[in-house]
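Chemist: Let the sequences and hints guide you as you build the complete structure.
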Amino acid sequence: MQLHFRPSKNQSSNFTSMSRSCKSFDTHGNAHRAFHSTIKIKNERMKHNKFLILPLAGFLLMASAGCSKLDQDPVGPNIVESQYYTTLQQCNSSIQVAYRFIDYSTWWEILNWRYLSGEAASDNAWIGNTYQATHPTYDAVAHYTLDAANDRNEAHWIDLYKGIGRFNSTMEGIQRSTIDDNNKKQFIAELKFLRAWCYFDLVRNWGGVPLVLKIYPPNTHIPRSTSKEIYDQIVSDLLECADALPKKSQYPVTDRFRASKGAALTLLAKTYLYMEDWAKSETAAKQVIDMGEYNLEPNFATLWGYAYRNGIESVFEIQNGSSQVPALPTNDFQKVVNSTADAGWGYYSITSDLENAFKSEADSIRLQWTINRHGLPVAGDPNTPKFDGRPYQTGGNHSKSARFSRKHYIPKAQRPANGLPALNDKILRFADVLLIHAEACAMQSKTAEALSSLQRIRSRVSLPTDMNLNGWNLINAVRKERRLELAFEGDRLYDIRRWKDQAGKAVINSILGPNGSFVKYNTVISTDIWEKANPAELQNKGASFNPDIHMLWPIPSNQIILSEGEVTQNPGYF
Amino acid sequence: MKKSFHLVWVLFLLFQHVCFSQSSLVTGRITGQDNVPLANIAIQIKGGTAGTMTSEKGEFSINAPANATLVISSIGYKTREIPVRGRTFISESLDPDSRQLDDVVVIGYQTTARKNVTTSISSVSAKDIEPYSTGTVATAIQGKLAGVQVMASDGSPGAQPRILVRGLSSITGNTNPLVIVDGMEIGYNNMNTINPMDIVSMDVLKDASASSIYGARSGQGVILITTKRGKGAPSINLQSSLGLTYSPKVKIADAREYAGVMNQIASNSGTPAPFPDASSLSNTNYWDQTFGQGTKQNHNLSITGGREGLSVFASIGYYGENSYAGKEAGEWKKITARLNVDWDVNKVIKTGISFSPRYENYPFAPLNVTWPAFAMDPTVKPLRTEQEVMSSLPAFTGVFADFPTAFNPYYSMPSRSAFNGIVSPEFSLRTNFDKREYFGGQFGTYLEIKPLKGLVIKTVLDATANFSQQNTYSPKYYLATNAYNAKTAVASSTSGNSRFKITNTADYTISVKEHTVNILAGHSYDSYATKSTSASRENIPFDKEPFRYINGGNLVTGGSGGYQPGAGPFGKMLSYFGSLRYNYKEKYYLTGTMRADASSLVNPLYRWGYFPSVSGAWIISQEPFFQDLNKTVSFLKLRGSWGKSGGNLPGGVGDYISYVGAITYVDANGGPINGYTPSSINNPELKWEVQQDYTVGLDAALFNDKLNLTVERYVRTPNNLLLNVKVDYALGYPQGYIATQYANVGEMTTKGWELSVGYKDNFTKKLRYGVDLTLSHFKSMVDYLSNSDPIIGGEANEVISTYRSRTTVGHVPGAWWGYVMDGIFQTDAEASSYVNKDGQRLQPSATAGDIIFRDLNNDGKVDTKDLTDLGSPYPKLTAGLTLTLSYGGFDFRTEFYGAFGQKNFNNYRRNMVPGPNYNFLSGFENQFWTGPGSTNSFPVLRKTDLNGNFTKMSAFFLEKGDFVRCNLMQLGYKLPAQLIKGVKNIRVFASVQNLFTVTKYSGLNPDVPWYSTISYNGLDNYQMLIPRSYLFGVNIGL
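Read top to bottom, the protein sequences are chains R and P.
Quick note, the working numbering runs 8 ahead of the 1-based positions in the first sequence.
Quick note, the working numbering runs 148 ahead of the 1-based positions in the second sequence.
Mixed in with the good hints there might be a few duds.
To be verified - Calculated lysine to aspartate or glutamate pairs in the EDC-like style (CA-CA distance at most 16 Å, straight line):
hint, chain 1, residue 1, chain 2, residue 2
1, P, K635, P, E585
2, P, K899, P, D931
3, R, K343, R, D396
4, P, K874, R, D285
5, P, K376, P, E476
6, P, K874, R, E572
Keep in mind the hints are simulated off the structure, nothing from the lab.
As the structure is a computational prediction, the values presented were derived from the model and not from experiment.
Modeler: Pasting the structure below:
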């Protein structure tokens, strides 16, 4: 056999240089050495097989290719999560934008549920919209005929957990980062505040829910905790927040939308109220009152002005902007709760029952700043001397009751040309703090303290306060005040669910149900033409309320399916 | 060795000479195909022991009695017996022995003889590919490979059919097989870049056992394309064909018929007649006007030959095709070249290169004008004059302020029907400026060393590169107040991809006594990258060609580009593979293969995938007990295999990684804040879809190998299928409203069988014939979909409000899903008496002429719960039949393809929906209900469709798609040698492709071109029809 291949003299050094060109090969010194010794043996023993060098060279080339990393970063607009949260700026901005997701999708799902459940399932509002194909699942909630598959109920559940997931994920990123401890502590506290808000909303809607405090792998299922465990988590998070968060005034002006010590304490006070821990609720509320950071706006109307944002009365609110570039979150909710005659969708029209509540107190200021009533001028909007609530008689996109929220209305002259309204959503305001304080004190029979806070609320809207109130009279006065002051801000249902009357029975029982006062009023007493004339939404709203079932909403059936049964249903729902 | 061999023969001959003194010297020449002289052919005298061998020139001389018979034999050729009959010169040509069992089969990094194969491999060779003149090789193999279903493409130039190897292997992912040309993966979509005339064979690895040597990429089957390499005496071949293509004849309604039906519908609906004076209408047959004649041409020049260890194959080819809807609708030009060089440097070292550059020119998306040509209102005149266009223009204010700049009335001349809103197909043709050019090629080199007997060590370097450049232009036009374009736009883009691969293998065969062992070990590294750039601008000053490029526009409107190393579908890959083949006495075979693949697209923690297989075969005919049967059954092999192969990855780089995305918020002053927030939390455990496959097969040769038969039965279980599954809401993943995530959860079972039979014989010496039949059956069933069940498919809109198809456990993936139809209500009374047991009407809106939907679950309501499986879009059986016949210089070939048992969604029925006023097949409307007793299967045509006859999915839209089509008929004639001195051979041929289709299906094309998602398969929806082609060609061998 003839030999045609002549190995070059410096072949060995060729190999060395090749393998050196491959970094990771250097880290495997053993393999490197073993390889050389193999070559050597072959050269000595099997002279005629020097051809082996060629394919071996190929193998080596191969090995050098193999050690060029298979690991590669994706190329494109997204940033790998594990590589983010490195600089202070990154961490800070990730917190700033996290606030967007307390109202998850910039769309209106969360707000929508706050009004569907908090107002329309109570005595404050109707579904109102009786013309769109989608309204039946809304009706089912407000009229207590819903089942666990209800899409509105599910949407709110999904959105709250999406918020929680986002806050948890961001929290994990911040925890990983190497920014200084003070910033880290504050950022995490902000996220915990946001998460606490979501759990607060979860627990008041559904009771004990799955407690998710970190990002789990995809096929994990978490069973429900008890509602006490949820409340305890909220309290512990908020206590940490109250400690770690700066005061609102300590933030730079542009950052005053961020969670502050005052916001944490306010939510804490409210949580204690739901937990019926009156003393702790009072203490927390008092801390906010005494902070000197907040006060009532002198004029109730100021709060509902288009230009109002993050004022003296604001404790925490969701920011909205009207810029298209960059696309800022906008508050589309005005559209949802406005008359169809004014390009709205006609949802959540206000009951005459609520109107009567204002009238019974001769509360003309808050009446006109809460309710736009068909045929009357809109407060603060000279361009609408006669509001068209599009009652049933006019046909077409008619609504039930022809009364809509003034709190969410933007005067025509102030509406941005691009149609993107920048009305902030008020989540917590100082009036709420005073009313929490008043209620917590009243429940502890601290009459003077309660009356003082109640009086501050009533004086602003030029209403006298009976300073002789005490006992249940005082409690009921505070409760009524809460209805009037915070009407259409999403708390009504939760308030009447948690309030107990003298007999220890939930107040909701005397309002809803077949013999409830609200049901009786609508079906027997009321002569309100705008409500009675529209049969498309049943007049007996609330008659199907069953206290054995409806003190909580159903766990969405898909949640039960997706958790493979780990999450169980609330009693009475199927 | 050879010399001593010759010496023996010489001595032998001398001895003979002594014994048979009456014998005289006979000389002769033995040639093979195309007159090539054959060396080393044994010549023996029958019944005696004398013999000789032919020389290099094919010449021999032998002493033989005048009445002797010479037996001429050689491996690879059929043995011939030639009576001498007193002649002194005998010239004979031998036919190659087509014993299929000895054919070389490519099995992945190795080759072997067919008889040694233990797995499922179907092969097709050049002689079955070349007769079908096409630029798309996949089209040429339809029906020729059992278990390989070629699902038609549409009739646009360059359209690529889809190939399914043994049924569906994925639900959401790709089902195209891996295509490997001479060892290099080229990507399925590049399969039509290959010049079919360069192909020597295609071997399809069907079962996992055969394909798993290709590991993670092999789950959809592997197509190995081997190109021609040089051999034998130099020869030059020229092949040229020219042809015309025509759209199959379709008779659509003319103006009178159209207007008549529209008037009738109006009268059924109680509305005024749209065409009160039907007699004075103008008539335009848009179908005939749009579809004329296209062209096809194919020219190839190749040189092959070898000498002193060096062999070369070189070719250059041109393929050109123009759409039968005109060049504007699609024009494909493909210039390919190939140079394959192999050099046996010495007995130990062999090296070679392959180089195949290519240039192509065709629109990225060929224009489909079937829809407007079919549906256009025939009462509208086709063109407006320039004056009519100019006088119709709106005032040049607002968006039209700049309208006259670069406005060319030419584009606005095609008419638009005010009645049905459809624009003449001429408009699409005139405004189609999509032009693309492709440059690419495949480059390979190898070094092969045989240091020891039986050991082959090989290193292969391969690369492919493809670049494309595209230009488009949107002109200004004005057709109507709601149909105009007031801005010109130009766009230009380039994209490129490149692949580099190195493969090293060591292949060692050792035989000890009757045991033969072959060991293969190898590894490879493969890297694929893509790059692209695009730009778009608006406003060009003039509508002239030089301005229709990116620099003609003065307003930049967009630009993008990207670079992706390690791009999908498999990223960068590192692989190790090996096989062990053992046989005892060529009777018992056992094979094991193993591959390990790592992809950059998979999380490093789960990066490696392992794909093993085992297979075995028993050649029963080798057993002693079989001896008696051997005269009838010359070969009988039973084989079985199991293997695991990998399928799709999600396909994107970093799909297993979690991301943050940009988002804005609002600060306390209303100003913007930019930040990043979690945008997706992805499944870190994503890996390959995987399938397991069990096959048993029987190969037999009967009647002196005239009949070859293969039967196979298989079960394959694609699992780990990628599905978008819903994540538990409470985990709060940020992606989407209902967060979903890809996970390897789906499971399917595909069962099938395949049969291929070939029979070859001759009636007389001159008259020979051959029959090849393949039958394939598969049925795929969904076993598990996790919480993705059901995957509903097709749209939910005003067209079909209930969706068309569904992928759900226990059914065929993408099964048609709708209402069972129980006929037509013949009277209003019948409709109102269709009630449940409480007396409530099941279809409250139905009146006479409406479809009766069955209350399938008997719950007293007709609702979405009554939707059910209405059949499968996949054929139960596909069949291919090739007949060949030759007589002297004449050869005849015909190929048939048929599919049976599939249900097609006939969108031509759906589009009879009154309202949009589409045109229809002439006479089709007569099928529809006109009064009691008129029909029980077609609903009434009436504008208001409260019953949902045309919007609810039901069996009404489905029709059996069974068909048989004559794909090819070809007649060739080889000119007699004496006529063509100096030329080896000349063959002329004429052929027709897609000659006829036999079907009862009433849509335009029963062989429905496939969409890319499972939910749309089987939808016959105005795809470009496959043309009929008439071709004439010539082959010249020099």
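Chemist: All the hints need checking, so say for each whether the structure fits it.
Modeler: We went through each hint and held it up to the structure:
1. A threshold of 16 Å between alpha carbons decides the hint, and for K635 of chain P with E585 of chain P the separation of about 26 Å lies outside it, so the pair is violated.
2. The straight-line distance between the Cα atoms of K899 of chain P and D931 of chain P is roughly 13 Å, inside the 16 Å bound, and the hint therefore holds.
3. Restraint check for K343 of chain R and D396 of chain R: satisfied, since their Cα atoms lie roughly 15 Å apart, inside the 16 Å limit.
4. A threshold of 16 Å between alpha carbons decides the hint, and for K874 of chain P with D285 of chain R the separation of about 39 Å lies outside it, so the pair is violated.
5. Between K376 of chain P and E476 of chain P the alpha-carbon distance is near 35 Å, which puts this suggested pair outside the 16 Å criterion.
6. For the proposed pair K874 of chain P and E572 of chain R, the alpha carbon gap of about 12 Å is at most 16 Å, so the pair holds.
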